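Enquirer: With chain A fixed as given, assemble chain B onto it according to the hints.
Chains A and B are the protein sequences, given in the same order.
First residue of the first sequence? That's 1 in the numbering used here, and the numbers climb one at a time after it.
First residue of the second sequence? That's 182 in the numbering used here, and the numbers climb one at a time after it.
Keep in mind that the hints are not guaranteed to be accurate.
Claimed, not checked - Selected chain A positions facing chain B (in silico; Cβ < 10 Å):
id, residue
1, F8
2, V51
3, I52
Bear in mind the hints are in silico, worked out from the structure with no lab data behind them.
Note that the structure is a prediction, hence the values are computed from the model and not measured.
We put the beta carbon where it would ideally sit given N, CA and C, even for glycine.
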Amino acid sequence: MREYETVFILHPQVDDAGVDREIENVRKTIESGDGEVTGVHKWGRRRLAYVIRKATEGTYTLIRFRAKPEMIKELDRRYKINESILRHLTVHAVGEPTLRDFRRDRRGGRGGGPPGRGGRGRFGRPEGEGRDGPRPPRGERDARDPAGERKGDSSPERTEKREASASSSADEKPPQAAPES
Amino acid sequence: MAKKKQPRAPRRKVCKLCVDRVEFVDYKNERRLMRALTDRGKIVPRRISGNCARHQAQITRAIRRARILALVPYVSDSFR
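Excised from the complex, chain A in its bound form (with noise of 0.2 Å):
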C-alpha cells in the first residue's frame, strides 16, 4: 500500500450534487480496490490555464488515499469513461495535502489586484529581477564583501589605466612621427 493523491477536474456545468457523486464514486472505487481514502479536498471553481473541450473553468477536487499500484490503473480506467471529468491526474502523495481554495485565491486576486494581476505582470519580471534585481546578492551580500570592495578598488585602477594608457599613446605618437618627419 501506497499514499497517493488524485485531482480531478469536474466539467463547469456539473453542480455541487453532481460534485460529490463524483466523489463518491471514486470513493467506492478506491475502497472496492481495498484502499483507504485519507482525505477529500474540495478546491472548487478555478479558471483553467487552457480550454478543455470548450470548458473555461473547470471544479477541482483532491483525494488522497492509500492503495495497492494496480488499483490506480483500474481508477484511471474509470476516469477516462466518465464524461464530465475534464482532466485527472494521480500522482504518489509528498509531504501533506496541500489545502487549496481557489475561491478564496480568486477573490483576493480580483479585489486586491496587485496579486492576480500580479501573476501576469510578473511573467517576465522575476528573471529580470533574479539578473540584475535585488534577489541574489540579497543572499549573498554577507558572504560577498570582497566583491563589493573589487567594485570599489577597480575604478581608480581604471583612471589608472586610463592615465597610464593615454600617456603612453602620447609618449609613443611623437616618437614615431619624428623619425617620420
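Expert: Leaving out everything else, chain B in the frame of chain A:
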C-alpha cells in the same frame, strides 16, 4: 572623453529555491510555477534562471504535472 567599455563583473547566479530553502516543489503551487515560466509559457532554462540541478528538475516535473491539470499553461494566452 571617449566612452570606455567597462567590463561587467560576472554576477554569479544562485538557485532561488536553495536561497528560500525549498524542500519540495509542489505542482499545485501554480503561483510559484508561473515564476519559472517565460512570458510565452516556456520553462525558464537553468542557464538563465541559475537554479541548481535538483531544484530545476523538481520545477520541471511540477510544471509538467500542473500543465496536465490546466493550472499552468502550455502556451500563454497572449501568444495563442
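Enquirer: State for each hint whether it applies.
Expert: Verification of the hints:
This hint holds: F8 of chain A has a C-beta 9 Å from the nearest C-beta of chain B, less than the 10 Å allowed. Because the closest C-beta pair between V51 of chain A and chain B is about 9 Å apart, less than 10 Å, the hint holds. Taking 10 Å as the C-beta contact cut-off toward chain B, the hint placing I52 of chain A at the interface holds, the least distance being around 6 Å.
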